[in-house]
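Here's the letter readout for the chains.
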Amino acid sequence: MSRPTTRALNASLKRWPGWLLLVAVVVVALAIGATRSSGPMTDGDRIDSIAQRLACPTCDGESVYESQASAARGIKQQIKRFVEEGTSTDGQIIQYIQTQFGTKTLLVPNASGFDALVWALPAFALVVSIAGLTVAFRRWKLASDTVPTDDDRAMVAAALALEGELEQADGS
Amino acid sequence: MPDSVSDPAPEPEVLADGAAPSPRRVAPFVVAAIAVVIAGLFWILIGANTSESDTADSPLLGRPAPVVKTTTLDGQPFDLQRRKGSWVVLNFFNSTCVPCVQEHGELAKFAQEQSQLGDGAEFYTVVWDDNRGAVEKFFADNGGSWPVLTDDDASISVAFGVAKVPETWVIDPYGVVVYRLISGTTDDQLTRLITQAKAGS
Amino acid sequence: MYAVQLAAGINGTLGRSVLLIGLVCATFGALATVYGIRTNDERLLRSTRRYAWGVAAAGVGAFLVMERALIQRDWSLKYVQQVGSADTPFLFNVTAIWSALEGSILLWLVVLVGYTAVIAHRFRRRLSDPLVAWALVVMFVVCMFFFVLTLGPADAFTAGALGVTSGPGPNPLLQNHILVLFHPPILYLGYVGMTVPFAFAIAALITGRVGERWLSETRRFALFAWGFLTVGIILGGWWSYEVLGWSGVWGWDPVENASLLPWLTGTAYIHSVLVQERRGMLRVWNLTLLVSTFALTILGTFLTRSGVIKSVHAFSNGSIGPYLLGFFGLIMVVSLGLIAWRGDRLRSPGAIDSPLSREGAFLANNVLFTVFAFVVLLGTVFPLIVEALQNRTIKVGAPYFERLSIPFGITLLFLMAVAPVLPWRKASAELLRDRLFWPAWGGALAIIVPLVFGAHGLAPLLAFGLGGFAAGAALRQLVLATRRQGWRGLVGRANGGMIVHIGVIVVAVALVASTSYTHSSRLILEIGKPATYGGHTFELVEVQSFTTARSNGIKAPIRIDGGKAYAPAITKFTNFGTNIPTPSVRSGVLNDIYLTLESGAKAGATSAPVKVFIKPLIIWLWIGGALMVFGTLLSAFPGRRRRLPTQPTSAPVPLDDDPDPDNPDGPDNDTTRETVDA
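Residue numbers (this note's numbering), protein chains in the order written: chain P, 529 to 700; chain E, 110 to 310; chain D, -6 to 671.
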């Protein structure tokens, strides 16, 4: 195939039908993937996932899942008993351990009371920074209509003067 | 070195601002906000506690004790439910834990004294993550003839929320948990607490 | 006995005196430089190089003295009593120096003085330039602080108790893998390297030369430090995977967060600095990022080394906390003060015209990275806040960080896909439609292929798709650049940066796959009876005990798929008494099989409890890391024609020989032919 033909083909592929097809393929693929079952969760997986959400009460920063400490092993055995009984939900099991050992065993802070701040502040920070960006773009839009000031001209002149010097330094 | 920019001759900023129709400056407010946040962080960090304190708080205090159904080292069945009517002291223990070893003499004294009283407390050791051989050897070497409860599946220690040994729990004749003592205890302390509790109830 | 005592005295005294000399050198260096700048004394300024050599010699000397003491097993030193042991093998005895607080501060010092000397050497002809001189002053002051630490609260040369002739050796976890040799020094090269751009930032603020020039001077230092920090973090993950036995690479532990925080702000910086170089904008912002990066290294060290936050990695808490906190406060006050003072000069000319431009993408990138850094910092210190205000103990652990990092990761991947095709100043919809078409199909492919392999779940597939999209965009730029310039198209900041991007994508995909699709099970294996799990057979060969001079334990060789046997073990180091599970891993291109021996295994038994993890794509974490290093190296080399930082720029115009007519090459490219705005 000669080059112009490739180019033309490439250009025609990139028109909206190509993009529409792409969107369709991605949506279908994601839908298949999202609805596909992950297979039955084994007791072992469930025990692990619960243990990963609990902090070992005697360790420094390890979860029950990672830790080999006695208390963590004990808690793991308790989780195993609950899971094998099959009558409690994950939340109930975690609640039980939390009641026995205190809130320091929770790795995920509660979303209520003061602790909710740990969830709210990130969202707040994101909102503030996006708002800041929006304001900045608006101001830039205003500013870009203006002519360069004397100050700006002086800056450019100074920068250009530096340039020669930099080359000198680099060459040395 | 000749350098046209290095020598900062402060220029009045008003000129620049006056020339450009720029909106009001927000930067000082942003800097101030950041400074306040950092100062707050600083204040918290200065006050931060470098030592973690364990608390003897437990949701079990004042409530019925959890189920304790197990066997002793000698193979006798044990059920806490059936001990109602007498004061019960449970001591969680591990033969490699230093404070456990240290308090052993005191506990032996306490158990001895209580067994001589008519309505003395029953004293039990609960093995906390240790193997039987080591525990048996420890009791053979260091004395102590009270029953030792096994807890191979850690169900007792988890039910009581025991994260570290030694820990001592006092349960009243109605099966209600009245005290939790973390780290080592003494004969005096235990005796005093139980006498107080008896007087109070 | 007497001879031993004497030798000991020698090491302790020698170490301390060398450190004292270093402190004196750093102090005099700082004072002399400031005096030289004030009086404009060129000769004096040229001589400051000697102080830098003195500082460097002292720092390296102290480190070597400590190594000598460790190798000699000089029991007179408290530090050797703490981390030394008569039977530690040579390698781990050498690495024992950074296995506790005092020695790790020595390591910090040695890296810091190294950087100071490198600056003094690199700029030896321009030491009388106030910018360089002030940067050296900052380096000297930071050196002074660390010399004070090593002489005061983190004194490694304290005499130990008399009569001690043995020690426990380093923590067992720090003496069973070769990565202990590489991870800490490499991490510190990055962590401490952030001091250099910081020093130049402060110098630029003091001299008022806040133009772009100091950027080009430190660009490579920043890139170098960032590269090492990246490798250090990845090696840390590798170490955790190979040693800790829970099969994870990243636990969001406070110490890990402390290394991630400067990485996040540093990554933001190496992107936004491009906007400043190109357009002269975002000066305050870039200075803030550099200051934050350095301040976060100190704050992170404070958090994890003072004992206020508990961590598996934390060392014993000494009295170092107040010093680090005070230094952190000093940095903040000085930097914020300088930025406020120089505010007028920092006002940058120019404007960003459109959010849909290269600059706009970098700004979005910066918002994401800084907010993410804020989240990580918040999660790390939140327990302290709760304790201070409410006197309760809570924990913020991995699940919190994981949950919050997913949206950030996904958005960043998306930006990585779009940003490289965006031109500076302004992009049009047609241009995006045209340039993003094939990368977007790459993304579609990256969803379909895993789907065929049985992948499930929306979030992982979305991550794969965006990863493919981003990789497509990076490859597109590389293809265009190499078509035009041959292999040279791979060199330079923009194109080397694209290789770094591909490395990041590989790491991201591997992380997502290995966390989402790991299977694990606890198997009771019996000798001679192969068990099947996850499509592999596992056959226990035997359960044997082993003894070395330092440890004893049991291991269980397990034959995988009838082939080679892998032997997970549980080791008890005699001096410590705790059981250390040692995993055994069969690495593969698609899957790792990760075996750990569970407690309850007994030597000589016919069966053993074993935990099997099947973890996909783990090896790609390390490959991606290697790609990132490779790309960083390539971006450190300048392109053929070096762009001067002050040269006016514009969006590139189409090239005649470009295969895509309305698709000029990837924009920010050092070697691109470009027209100059009239």
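Just so you know, not all the hints are guaranteed correct.
Stated by the list, open to error - Straight-line C-alpha distance at most 20 angstroms; calculated SDA-like pairs for lysine to any residue:
hint	chain 1	residue 1	chain 2	residue 2
1	P	Lys608	D	Ser592
2	E	Lys178	E	Asn251
3	E	Lys273	P	Gln605
It should be emphasised that the hints constitute simulated quantities derived from the structure, not laboratory data. Keep in mind it's a predicted model, so treat the numbers as computed, not measured.
Verification of the hints:
In summary, the hint linking Lys608(P) to Ser592(D) is supported, as the alpha carbons are separated by about 16 angstroms, within the 20 angstroms threshold. Distance hint between Lys178(E) and Asn251(E) is unfulfilled; the C-alpha atoms sit about 26 angstroms from each other, more than 20 angstroms. In summary, the hint linking Lys273(E) to Gln605(P) is supported, as the alpha carbons are separated by about 16 angstroms, within the 20 angstroms threshold.
Hint compliance for this structure: hint 2 is the single one not met.
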